[in-house]
Each structure stands twice: as structure tokens, then as C-alpha cells.
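A.B. asks: Next come the chains, spelled out residue by residue.
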Amino acid sequence: MSLEPTFDAAPVREDGFWNGRAMRRFRRHKLAVFGAIVIVLMTLACAVGPLLLPYSDTFIDIRQRFAPPFGGPHILGTDPLGRDILARLLMAGRISLAVGFCAMVISMGIGIMVGLAAGFYEGVIGAALMRFVDAMLCFPSIFLLLAISALIQPSVPSIVLLIAMTSWMEVARVVEAQIRSLRTREFAQAAVAMGSSNLRIMLRELLPNAIAPIVVAATLNVAHAILAESYISFLGYGIQPPTPSWGNMLENAQSYLTSAPWLAIIPGAAITLAVTSFNFIGDGLRDALDPRMDMP
Amino acid sequence: MSSFLLQRLMQALLLLLIVSMIGFAILHLAPGGPMSQFAAGGDMSQEDLDRIAEQLGLNRALPVQYAEWLWRMLSGDWGVSYRDQQPVLHIIAGHLGPTLELMLTSTLLAMFIGAWIGIFGAVNRYSLFDGIATIGTMIALSIPTFWFGLVVIYVFSVGLGWLPSGNRFTIGDGSFLNRLHHLIGPCVVLALVSTAVWSRYMRSSMLDVINQDFVRTARAKGVPERRILMTHVLRNALLPMITITGLHVPSLLSGALVTETVFTWPGMGRLFLDSISYRDYPVVMGILMFTAVMVLLGSLLADLLYGVADPRISGSR
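Which chain is which? The protein sequence lines are A and B, in order. According to this note's numbering, the first sequence is numbered sequentially starting from 1. According to this note's numbering, the second sequence is numbered sequentially starting from 1.
It should be emphasised that the hints constitute simulated quantities derived from the structure, not laboratory data. Some hints could be false.
[Claimed, not checked] Restraint-style ranges between C-beta atoms, simulated for each label pair:
| no. | chain 1 | residue 1 | chain 2 | residue 2 | range |
| --- | --- | --- | --- | --- | --- |
| 1 | A | I37 | B | A67 | 52 to 58 angstroms |
| 2 | A | R24 | B | L247 | 30 to 36 angstroms |
| 3 | A | F34 | B | A67 | 54 to 60 angstroms |
| 4 | A | M23 | B | L13 | 46 to 52 angstroms |
| 5 | A | P157 | B | P63 | 27 to 33 angstroms |
| 6 | B | I132 | A | A190 | 46 to 52 angstroms |
[As the list claims (entries may be wrong)] Partial pick of chain A residues on the chain B-facing surface, computed with a CB cut under 10 angstroms:
| no. | residue |
| --- | --- |
| 7 | L145 |
| 8 | S230 |
| 9 | W246 |
| 10 | L250 |
[Said to hold, decoys possible] Simulated coverage check for chain B against chain A, where a stretch passes if three residues somewhere in it have a Cβ under 8 angstroms from a Cβ of chain A:
| no. | segment |
| --- | --- |
| 11 | 13-20 |
| 12 | 128-141 |
| 13 | 148-154 |
| 14 | 258-265 |
| 15 | 269-280 |
| 16 | 290-298 |
Even glycine gets a Cβ: it sits at the ideal position worked out from N, Cα and C.
In isolation and in its complexed conformation, chain A is listed as follows:
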């Protein structure tokens, strides 16, 4: 440090989490910062909000049905059963965000394992795994999700598993490509020469060096999982009422489009806001962690 030439201006600190190079690049990406703030606020609102509201998300008040938003005690109005929409929106946010996050964790787990194995064991194992990935990607995701969800008993954990099982393939591709190029590098060959076990090389040498694209993929994966949940819940095969989710709040909204459009507008706006925010964060992370990549 002391050997570096000194400048008049205060030197830019390159250490720590907040001032690290990646963090500074991320903070310059205004949309990503916006996305991060939105997600933090949304999470807080969904976690704390229901405790502060005078209404519960399942309290049915048939006299108050179809109350429009911004005109009365129910801030965002009520649904066809007279339940408070804000309360339902926040409880649904808990479910939808949790489903998105849990599905991401599981699908990243599967994707990383498959990608690691396929990238490390080139030849028959790698080829077989990647052909399996290619084949899974041939099924349009909604068709696959619906076909399986119709056959199982839908519940929150099973929906999480289902979404994870149909969204790990892109991750596997990303990880496989990374590992395949990393494994020919000197540090990996040095580890082989030193007699490290395969598992150790994979987990301690290769994986940490592939972490940047994995983090980006994880962020985009949350966005994808939230969308997937909303699609299948909207179609009636996801989270089942009375448990609210952003998707199933929209399930019957189309029938009331003329008389009560807020039933459709409000939950959809919440989904769009959350998914856009995660996508912005993913974009910002991509720029921050690897400035050379500019393809979507």
C-alpha cells in the first residue's frame, strides 16, 4: 500500500463489502439499486405489514364485498368475499416471495451439482448429463409445470419442489460452461498435480471461481420462480385458496374485470414490480461482477 504513488484526491478504498470494486459498480447501476430497495421494502412490508393491519387475510365480511380501493376503511378495497385486499396482498407476498426464494435455492442446488459433474467429468458422463439438460429444456416450462402439478397434490412445498425441478437446467448450463473452461486453467491443473481429490478440486478450486455467474443466475432464478408460481396459481394448479398467493388472487379476477377491475390490477402490479426488481438486480450484478459480459 505504502509503495503506491500518493495523489491529492482521497484514494478510492478498494476493501470491505461496501467499498469493494463490485459493490461500487453495483451502486452505479441505478436500476439495480432501485430493484434492491424495492425488494427490501417489499419483504419488510410482507413480514411486518399483516401484524399492523386491523384485518386478517382470511376474514370474510360479506357485507363489505367489492369495496373499491382508496375509499373507505379498506385501503386497497375488498374481494368478492369481502376480504381485505391489502391484507391478502401482503400475506400472498409472504407466500410468493418465499416460494420464489426456496425454489431458487433448490434449483440452484440441483443446477450446480449437475453442472459441476458435467463440466468436470467430460466424456460420457458429462455428455449424458448435458443431453438430459437439453431434453428437459425441450418441454415448454408451463406445459411441464401444469402436467406435473395436475398429477400431484398441490401444497406450498410441492409447488416449490415442482418449480425447482423445472428451472435448474439453465443454471446447469451456466455452471457447466464455467467449470469446463476453468478446469484447464493452471490453478486447477496444479491442484490435480498436488494430488487433491476430485471432490476437493470441484468444490474448493473450481466452484469458488465460478461464483459470479452463479450469483447472477440465482437472482434471475428468483424472478423466474415468482413468475412460474403466478402462472400456475393463476391457472388454478398452484397454491390453493384460502392460502393467498399473488397468482391465485388473480385466478377469478377475469370474471370481475368489468365490475371490479382492481381485483386484477393490484396483484398483477405486485408481481410485475417484484419480478422487474429481481431482474434489475440480476442485470446490475452481471455488470458489477463481470464487466465483459453484455449479452442478456
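Starting from the known structure of chain A, arrange chain B on it as the hints suggest.
C.D. replies: Frame of chain A; chain B shown alone:
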């Protein structure tokens, strides 16, 4: 060319085989499986169920069932619907037209608008338009298609009364103009995501080409900027878009299912949903396989077209 074509075909066939195994395994190993439609009623005894299983050949070893099923699929016998005893292929064929109509028109729309946005954004990089387009495409990729459909119906059908709120044509009408009128809503809704994808890739593809040496050479020679863009850059930048279009088939199909549901469009997606709610296993299985084949064909076709459009590819691989 022919060796490339052959190799690509072999790959596609291998993939198709794996796809068929996965599809078969998913529906057979899921709890309930193909018998769930009968068991769900609850009015059949175990003996009845066993007899049905035997009659349908569902009590044999899975590999045997798979081999027989695959053979029947290949010979064009995709089974009959539990619902109305119609052959599955026949039912799918009857619903394919509306879906293709929707997919093709929305792809064309997305190509024109998306390419235009991408080109304009790349040429005027970091301009106000580019900034808005970048944010706009990101939002377009994040909007749930069904919700966008509801908003379009609310604004243009319920509010303004410009568009019909669903169906493929008015019963008793069915003229070309009437069909076109009904097509506008679902077509625009389905095109949203594709437009975003197109403009994103078009922009980065243009930027890739703009920075290449032959473009600089053309500029140095004094070729007018407009001609550089139209002939040198655009032609080369459009090449990768063939691949993008081919790879976009799965999400286009998924989008079509949702769009068809919202706009009560009588296509394959609606058929799939109806079949699922009825647990019409042969039709569900048939459509699942059919869409996978469409996806495979899409990427195969894109590869072949790319080989034709860009002679550098076919020789070397």
C-alpha cells in the same frame, strides 16, 4: 453441408428419444399416474381398477410399456382421448391451427417492432430512447403474460370497446376482417415478451457488428453511413437472430397457452388445460410430446437456416 445436416439430425433424434423417456417417466411415476382418472371417481373397486389396468396394459413392467408406447407413437397411434374417444393426433391437429396462427402473427409483429427498437437503440447508444427501451424491455420480460392480457382486455375491450374480449371470431360471422379484429388482442399480448427478447438481442448483435473491422473499413472508404447500416451491419446482425427465433419456441408456446386461456382462444394451450382438469392422460401426454417435438424442430430448423445463411458454419463443423 450434408455432413453437418446429418450430424444435426442425429443429435435431434437422440434428443427426441431422451425427451420421450422423460415424458413417459414423468407421467407414469407421478403419484396417481395414468390410472388417476379412474381412481379419482372413487366409485370403482380395486378389482375394477386392476381390470382396467390390465385392459390398458398398465400393469406390465415400465420398460415394456415404454417400448410399446414408443412404437405406437412412431407409427402414428397416439391413443384415444378418455373424454370423447377421438384419436389424440386428430384432436391436436384440430387445435393446432389457431395456436400456429397466434404464434406466427405475434412472432412477425415482434420481429418488426423488436428489431426496429434494437437497431435504433444500438445506433443511438446511451440516448434517451436507448435508455427507455432498455428499461421497457426489462419490464416487458417481467410482466406476467396473463396479467398483461387482463389489462389489455380491461383497457381496450371493457374501457374503450375497441377490441373483442375473446374468442377467435363472432359466431355466425367469421369473415377475414372479423377474425383479424379478434386476433389483434391476443397477438399483441403474446408478442410482448418476444418483442423484448428480439430488441435486446438485436441491440447487442448490432453493437457486436458495428465494432468490427469491415465496418471501420467501409467507413474509411467513405461509404455513406446509411448504406453501411443497411447493407454491412444489418445483414450480419440479423444472422444470430435466426438462432434466437428458433430458441424462443418454448417460451412462445408457454405464452400461447396463457394467452389462449385469457382470450378464450380455441388453441392447443386451452385444449391442454381442459385435458388436465379432466385428467385426460393420453391427450396431456400427446400435447406434451407434441410441444417438445415443436421445440426440437424449431432449434433444428434455426440451425439449418443459419447454415444456409452463413456458409462459414456448415463447412467447419
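A.B. asks: Now look at each hint and say whether the structure bears it out.
C.D. replies: Do the hints match the structure? See the list:
1. I37/A x A67/B: 52 to 58 angstroms: holds, 57 angstroms
2. R24/A x L247/B: 30 to 36 angstroms: At roughly 35 angstroms between Cβ atoms, L247/B and R24/A fall inside 30 to 36 angstroms, so the hint holds.
3. F34/A x A67/B: 54 to 60 angstroms: Taking Cβ atoms as reference, F34/A and A67/B lie about 55 angstroms apart, which means the hint holds.
4. M23/A x L13/B: 46 to 52 angstroms: holds, 49 angstroms
5. P157/A x P63/B: 27 to 33 angstroms: Hint holds: Cβ distance 31 angstroms, inside 27 to 33 angstroms.
6. I132/B x A190/A: 46 to 52 angstroms: At 49 angstroms between Cβs, range holds.
7. L145: holds, 9 angstroms
8. S230: holds, 5 angstroms
9. W246: OK, holds: W246/A within 10 angstroms of chain B, min 9 angstroms.
10. L250: holds, 7 angstroms
11. 13-20: This one holds; 4 residues, not fewer than the three required, reach chain A with a Cβ under 8 angstroms.
12. 128-141: holds (count 4)
13. 148-154: Check passed, 4 qualifying residues.
14. 258-265: holds (count 3)
15. 269-280: Coverage by chain A holds for the segment 269-280 of chain B (5 residues, Cβ < 8 angstroms).
16. 290-298: holds (count 4)
Going through the hint list in order, the structure satisfies each hint without exception.
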